[in-house]
Structures are given as structure tokens and as C-alpha cells.
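Participant: Sequence:
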Amino acid sequence: MSKILILDGNSLANRAFYALPMLTTKEGKPTNVLHGFMTMLLRLLAEQKPDYWIVAFDKTKATVRIEQFAAYKGNRKETPDALRPQFDYLKEVLAAFAVPIIECAGYEADDLIATVTTKAEERDWNVQIYTGDRDALQLISPKTTVYLTRKGISEVDEYNEEALYAKYQLRPAQIIDLKGLMGDASDNIPGIPGVGEKTALKLLGEYETVENVLAHSDEIKGKKLQENIRTYADQARLSKKLATMLHEVPLEMDLEKFSYRRPDEAEFATVLDKYTLKNVARIWHQNHAENLDDSKEASTENADNQDNPETASSENTNTNTLLDGWPAKELNSEEWIQQLDNWRAAKQPVTLSYKITPGNPHWSRVLEWGIAVQKNTYSLLWAEADPAVKRSFASFLEDSEVSKTVGDGKALYSVLQNEEMTLRGVSLDLSLAAYLINPTRTKFDAVELVREYVPGYPDFSSLTEEVSALAQVADRYKETLEELGLTALLHQVEEPLSFVLARMERTGIGVDAEQLKSFGEGLTTELQRLEQEIYLLAGESFNLNSPHQLGHVLFETLGLPPVKKTKTGYSTDAETLEELKMSHPIVENVLDYRQLSKLMSTYVNGLLAQIKEGKIHTTFQQTVTATGRLSSTEPNLQNIPIRLEQGRLLRKVFQAPHKDWVLLSADYSQIELRILAHYSKDEVLSESFALGQDVHTRTASEVFGVPMEEVTKDMRRKAKAVNFGLVYGLTEFGLSRDVGIPRKEAKYYIEKYFDRYSGVKRYLAEVVIQAKEEGEVRTLLNRLRRIPELRHPNRNQRQFGERIAMNTPIQGTAADIMKLAMLGVVQALEPFQADVLLQVHDELVVQVAPEELDQVAKIVKEEMENAFPLSVPLTVECKTGRNWYEMEPFFTDK
DNA sequence: TTTTTCACG
DNA sequence: ACGTACGTGAAAAAT
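The opening position of the first sequence corresponds to residue 1 in this note's numbering, with each subsequent residue numbered one higher.
Be aware that a few hints might be false.
[As the list claims (entries may be wrong)] In silico PhoX-like cross-links for lysine-lysine, where the CA-CA straight-line distance does not exceed 20 Å: (1) LYS257 - LYS274; (2) LYS143 - LYS49; (3) LYS274 - LYS91; (4) LYS375 - LYS478; (5) LYS612 - LYS564; (6) LYS443 - LYS517; (7) LYS355 - LYS390; (8) LYS241 - LYS221; (9) LYS274 - LYS3; (10) LYS91 - LYS59; (11) LYS612 - LYS652; (12) LYS167 - LYS119; (13) LYS167 - LYS443; (14) LYS198 - LYS224; (15) LYS119 - LYS257; (16) LYS517 - LYS615; (17) LYS659 - LYS615; (18) LYS143 - LYS3; (19) LYS598 - LYS517; (20) LYS517 - LYS355; (21) LYS355 - LYS443; (22) LYS202 - LYS167; (23) LYS119 - LYS3; (24) LYS879 - LYS652; (25) LYS772 - LYS752; (26) LYS221 - LYS198; (27) LYS202 - LYS224; (28) LYS119 - LYS143; (29) LYS91 - LYS257; (30) LYS91 - LYS119.
Bear in mind the hints are in silico, worked out from the structure with no lab data behind them. Keep in mind that this is a model prediction, so the values were computed, not measured.
Modelling step: build the complete structure from the supplied sequences, incorporating the hints.
Facilitator: Structure representation (C-alpha cells):
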């Protein structure tokens, strides 16, 4: 059976353009699309060895569809200047490479692709379509597979009928129904208002087609939804039609012209040179180096290309990225015990996976273990396992001599604590590895971890398949970590910290439920009073919690002047309301109501729901933030009120979980500005810290040109705002808004600041330049964050990238230092009656037996201050009290 | 699910 | 002319 590859030229070129950095020839011609497209093309050639191939392009004339619907693609953006000429360059390169292209005035690439697919299927060929456009999924059939690009173009997801069904529960023909219902903003296909992907899939799951959904609109639940479906029925039918690819483009095409031909070397070399596509040339030559010297290729190939005609591609040096199937062995109880003993004796490295009861791992139980050892896998059903096997397995897990690769060590350790077991010897935590490699990724489940290195959707039908896949990608993670210089950070900081965090979570923090309830009762009374007052002043009652309804009352009924708009209507946030305070007495009441209702819903009710046996156990997320900070969820204990007194009172309910122990809080003073001083080596800023001055007062003194004794409160307030802004990537707008001063004045302060702190100015400029060159920034511990925004065609995005470049090394280094400090503190406190309970970015909360407070405070302070020496001193302030509200300064003597 | 708002460092 | 300070998580409404 012959194989044809169909590439969507426009879609892939667009993807390549936005995915890759701006590359140019020495004359300045943009070439990033050429690089991206040709690299992909050569890879497909080597891996797929097509018999036929074709690249389809749109022709820029009016298309047939515009006649159907005037707005179609109406809001599509103008092609960027750097992209437009590359289409012609690309066609030139393709011609030199003997790759056939098709285009047809009045039709889109989509329609050409559909037409070629139909003809190829008639000949019983195998069809592979490569595009970034999900519309193409409608072409899937037993003979046709669609490959969608994923983040950039270097990786694709394979969709056949099964994969499509697994992901969307749709048949290929239903893709157009999906578009008909949900529309497509990028093509200005309207669909039905209020129907997004979720709703559309639900409807199609029940009614199969657009027509059938419309016919049964009276059965559909949801008043608004039903109404919209009726109102926009015609629009849905039209949208479906627009999404349908045309299979009958009136174009003579002889499929034989699409056959693969080896290019003329000289012609190809000339054009590669013309556009300085060195990398493409290198790949070409590498793939076509004589196969004499590649002796390392010995993979268990299961591809079905026996009847491949002679193609130009020889065996390439790529390693096979497909997963090997490792056998799953069955063991009885005796064999398990024996096997576990053997592995321990041989110190055999293993990969572990597990299935647990659903929900928060804090309370979950283990259902099954999956273990991979030396290309074999084993499954252990935990509930029905023999007690002797369980004991043996527990010893195996806690044997630190046995190296373990795991998907998520913290969650595993958490669950194990429910089983009275522990975990030692974790030598690779794949989630943490993946996080360090890309701290902005969001998914860390096994499928996603494997997918990083295995194209397509790995589909694990058993735990043993999952664990074998994890084991097989582990080495790839190690290589990448090495390449990026992240190995030490992983093994010396993140992995050990994960166990510290798991223990903190398990210890929990004490919360007095009764006190919290009575606090809530007080709030309820006050909230009811405010609510009545507001309705009286408004002359009507409404849902005060609805920004929409509140906006209506304030700006329509009462006629207050609108200040700011959101994309859906009037803005009613605190900043807006502050400005309106003078206009109407209702505004102040609304502000008070907002503040109290926040306390009531998020804190009183939210926390009450989380109390278990007098304690709250948060989850610290270690793979969430882009900068390396931790985050805290279910509940978030890193945003307990403190700034306003009414909220701060809430802290009274937090106490040491251990009876009669007290809380100790230790927080870094100005850690981010100290890091800025360290990085910038600025003389004034460094001196300020070396002398132990109040840094905001010193800044005010410099900016306003007065001695420190003459700095007023207002000057200090403004200088403090400048210092805050610096860390975020100072802007005039931000400073003026925060301090409530005109832009002009903000600009003046910034200029003055940079006059006096020229080292800071130089550093911030340099960090941006370097970030632009390298596309990434690093922290002091080498933590990495890539900043693709710096190369984004949109200027706002680029400026956002610049602020990230200024902020991340600072915020991230602060996070690094705190993590090191936590490891030091926990280790140093081992002999004491004390536990670390919480981390709030620059603060640690510890519980301690009162008689050991002196010693413990001293240790915590010293460990934190000396966690990582900077060119300026780090200082830590300790406070102590019976709860998190009544904290009094605590001085340790040296 | 998305939007708005607001709590923290 | 536009849309801006950096990093988070949760609740409620509207869809």
C-alpha cells in the first residue's frame, strides 16, 4: 500500500512563524518559517518514508466561502510583515527540493487537502495529513490519519478514529457539527452564542448532529441555552456548512505527479545557501550519510513498511521514539517476597507507579502498584496482597539503597503515610524534573510526562504499561536536565524539599473552629446590616455579589459616572469604587460589604470546610509557579489576611497543633531588594543594606535629595512604591496608579531613581538584553525560565517579556534561597521539639515547645540568614505568640 | 468553563 | 492607539 503525506502549507508556516525565534539571512530576510518547515519536512521524510507527498497552500484571492458568508475570516489579523515574504521563499525552497505544491485560486488549502485525500483514498492509499488546524480532523478515516501540531511544529499528535473518539467522543464526520455549534473565533464562524467546546460535546454526545440538536431543542436543559439554540438555528446550520471542507476542487490533478523524487543536490544546496539554512543542510546530510557506519541501530522496529519502494531516505540515526512493550510478569506471594529481596540485595533501580482512591492524596489509599525493573513490569493489587508481601514491600520502599524513579514523590509519600509506610531512595522525581525543564508547563500526570518524549497520545490500559513508559522516558529526562544544567537543583533542592513539604502538610496547622464560627457570626450580622442599608440607598434589592447587577444599580439606576470598563460591562472593583466614594454614600457601604463578604466566604466558610480534628492540612504545590515559588491550595494558607485589621483578626484562630506549644514566625527582611543589590552590585543600594538602614527611607533621601532625617512619611511611601516597582519591572503607569500620582510625576521619580542608582539601571538593562539573546533567564541556583514573549510579534507581549526578565531572577532567587533555608532548618531542628508548619514565600511558621523557643528561634534565624551568602547580608526577624495574630518580636542573643 | 473580584508575598 | 506593574488561589455569578 502506498503512502501519501499531505502538508497544510499555510497552517504549518504560521505555526513555525510564531513558534520560532526571528531568524534572518545576513541581508535581513526573515527565515524562521523556512527553518521550521524544512526541519519538519526532513524529519517526516526520514521517519515516514512517503511514496507521495504534497504541500497545499491558500491562494490569497477571494475564496468561494466569502460569497457564502461575508464575515468569514473577517477578523483574521493582517499577516505580519516578517511572515508574508516567507511564503514565496518557502515555495522556492520546496521547488528546489522537488516537493510538489498545489494551490488553486478561490479555494483554501483545506479544500485542496480534502480533494487530494478523497482521490488518494480511492486508490486505497495510506493518507497522513499534517496541519495545525483542527478542522482537518473531519477527514479521518480508516485510511487517513491526521497529525496536529502541538506547541510549535516540532511535535505532533496523531489522530485516528480511536484517538479522536478517546479525546472528544466524536466520529470524524461530527467535527463539522462541533464547529457548527461552538463556532470558531479565529475564522469568525459564529456558532451558537454561549456554546463552547464543553457544551457542544455534551450536545453532540446526545444528539449526534447539529440538525438533530435543533430538532430536539425543546428537550435541552438550561433556559438560556435552549433559547439560544432556537434563536441561532440558522446560524448553526451556516456555521456547519462553513466548517465543511469541499472535496471537489475543480482542479486537474494527477496524483502521480506527487511522487517522491530525490532533489537535485546542486539546486538544493544553492537555495539552502541562499537562505543560510545551515541546520537544514546538516540534517539532510546526516540523514543521507551512508549507512555503513551506523551500527548502533538495533531497535525492535514494528513498523509495517515491508513494501516500501526505494526512497531516498536511508536508515537514519534517530533513536526510535516509540515505546517498547515490556512484558508484565505475574508473581504469587512467595515469588513476590523472593523477588523483592533479590532486588534489594542487587540494589536494582526500579520505577514505581501506583493507583490510589480518587481525591486528595492526603486521605487516599493505595489500590495497586506498578513496578518496572530491567525491562520487566509487575503489578501488585494492594488490597488483596498477602500481609507478608505487604511487609516485604514496605521494607523495599523504605530501603534507601534501592534507587526509585517516581512520577510524583510528594503525593506518593503522602499516600504512604496513610498506609503506615515511608519512602526512601527516590533518585528521580519525573514531575519535578519536568517542572525544572519547563516551569510553565501545567500537566504532570503520567501520560503528559511520557508525551514529552513520545509523540502522540500514549494510552495506558494498565498500570504496568504506564510504569514501563515512565521507565523508558526517565533517561531522556536525565539527559535534558544535564543539558540544561538543572541536575543539581533537582537532586539537591527540589527532591529533598518535596519530602519536607509532605511532612509539613501532614503536620498541619491548628485551627480553632469554635472561634472561627463566632467570628463568622459577627460578620453575618454586619453583612446583613450593610445589605439592607445598600438596598435602601439603591431603592431596590438585587444580588450584591454580582458585579453585573451592582454595576447596573450604580451606573444606570443611580447614574454614577462610569470610571472603567471590563470587557463585559462596567468595572466595579475596589479601585473604581474608591474614586466614586464622594459621589454617593452607597459606595462606601458597598466597599465595606465587599471586604466582609470576602472574609466570610473565602476565609470563614472556606476554612471551616477544611478543618479536620482541629487542624487544617494544606497542599503545597511544587510544580505550579513560573518562578520557582511554592503555592498552596485546598486551602490556600499563603493568603490569610494581614493588611487590614478586620481581616488580620482571623489569624487568631491559627495556632500550634501540638498542645501547649507556641508559634514562631521568621521572615526575611527585604529579601528581593537585597537580591537586586547582589545582582546589580549597585553601590548605593548595597551600602544601604551593609549599614542596616531603612531601605525605603534611604531611597527617598536619594530620590528627593534630602538627608535621611528629613524624609517625610509621604516621601517614604513614594520611595517604597518605587522599590516595589523595581522588582516587578518598573513602569510609569504602574507607579502612578499605585501611588495615585500623575504619570509625569511617576516618570520624574523613576528618572531620579536611576540617576542615583545607576548600577540598578545598568543591571536591569543588561538582564533584558541577555534574556533577549538567550530567550531565557536564570536564578542564582540556575533555575530556568524561558521567555518566548520576548520574541512575540505583539509589542505589549514583548514588554511583558521584558518585565518577566527583570522580575524572575529576583523572585526566583528569593524562592531558591527560601527552599535552601527550609532544608537547613528542618535538618537542624531534628533534635528539637519543633516542626515547620507553613511557608509563605519569605516567612516560615514553626511550632515549638516553649522551653526550646530560645534555641529554636536562634537556629531558624541562622539557617535562614546563612542559607546562601549574598554580597549583602540577609536578615531575618523572628516573632512569637500563641496564635498567628498575637505575634510579638522575639530577639535572639548572639 | 470563563469572568470578575480580592486575599497574600 | 493601546494596555501595563511580578507571582499566586478561591469564591461567586453568568454562561
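Participant: Confirm or reject each hint.
Facilitator: Hint check results:
1. For the given pair, LYS257 sits about 27 Å from LYS274 by alpha-carbon distance, which is inconsistent with the 20 Å threshold.
2. Distance restraint check for LYS143 and LYS49: the Cα-Cα separation of roughly 17 Å lies within the 20 Å cut-off, and the hinted pair is therefore satisfied.
3. Taking the CA atoms of LYS274 and LYS91, the gap is near 14 Å; set against the 20 Å cutoff, the hint holds.
4. With a C-alpha separation of about 18 Å, the suggested pair LYS375 and LYS478 falls inside the 20 Å cut-off, and the hint holds.
5. Our distance criterion of 20 Å between C-alpha atoms is broken by LYS612 and LYS564, whose separation comes to about 43 Å.
6. Pair hint LYS443 plus LYS517 does not hold up; C-alpha atoms about 37 Å apart against a cutoff of 20 Å.
7. For the hint linking LYS355 to LYS390, the alpha-carbon distance of about 16 Å falls within 20 Å, and the restraint holds.
8. For the hint linking LYS241 to LYS221, the alpha-carbon distance of about 26 Å lies beyond 20 Å, and the restraint is violated.
9. Annotation: proposed proximity of LYS274 to LYS3 is violated, straight-line Cα distance about 32 Å (limit 20 Å).
10. This hinted pair checks out: LYS91 and LYS59 have alpha carbons roughly 13 Å apart, not beyond 20 Å.
11. Taking the CA atoms of LYS612 and LYS652, the gap is near 18 Å; set against the 20 Å cutoff, the hint holds.
12. A distance of roughly 28 Å separates the Cα atoms of LYS167 and LYS119; the hinted pair therefore is violated under the 20 Å criterion.
13. For the given pair, LYS167 sits about 16 Å from LYS443 by alpha-carbon distance, which is consistent with the 20 Å threshold.
14. Our distance criterion of 20 Å between C-alpha atoms is met by LYS198 and LYS224, whose separation comes to about 16 Å.
15. With a C-alpha separation of about 13 Å, the suggested pair LYS119 and LYS257 falls inside the 20 Å cut-off, and the hint holds.
16. Proposed proximity of LYS517 and LYS615 is supported: the alpha carbons are some 15 Å apart, at most 20 Å.
17. Restraint check for LYS659 and LYS615: satisfied, since their Cα atoms lie roughly 12 Å apart, inside the 20 Å limit.
18. For the proposed pair LYS143 and LYS3, the alpha carbon gap of about 10 Å is at most 20 Å, so the pair holds.
19. Distance hint between LYS598 and LYS517 is fulfilled; the C-alpha atoms sit about 15 Å from each other, no more than 20 Å.
20. About 37 Å separates the Cα atoms of LYS517 and LYS355, which puts this hinted pair outside 20 Å; it is violated.
21. Taken as a hint, the LYS355 and LYS443 pair is honoured in the structure, with Cα atoms around 18 Å apart against an allowance of 20 Å.
22. Simply put, LYS202 and LYS167 have alpha-carbon atoms about 13 Å apart, close enough for the 20 Å limit, and the pair holds.
23. For the hint pairing LYS119 with LYS3, the CA-to-CA distance comes to about 13 Å; that is within 20 Å, so the pair holds.
24. Between LYS879 and LYS652 the CA atoms are separated by roughly 15 Å; this keeps the pair inside 20 Å, and the hint holds.
25. In summary, the hint linking LYS772 to LYS752 is not supported, as the alpha carbons are separated by about 27 Å, beyond the 20 Å threshold.
26. Annotation: proposed proximity of LYS221 to LYS198 holds, straight-line Cα distance about 14 Å (limit 20 Å).
27. As the CA atoms of LYS202 and LYS224 are separated by approximately 16 Å, the hinted pair is consistent with the 20 Å bound.
28. With a C-alpha separation of about 12 Å, the suggested pairing of LYS119 with LYS143 holds against the 20 Å cut-off.
29. For a cut-off of 20 Å, the pair hint linking LYS91 to LYS257 stands: about 17 Å separates their Cα positions.
30. Distance check on the hinted pair: LYS91 and LYS119 sit about 24 Å apart at the alpha-carbon level, beyond 20 Å; violated.
Checked against the numbered hints listed earlier, the structure breaks hints 1, 5, 6, 8, 9, 12, 20, 25, 30; every other hint is satisfied.
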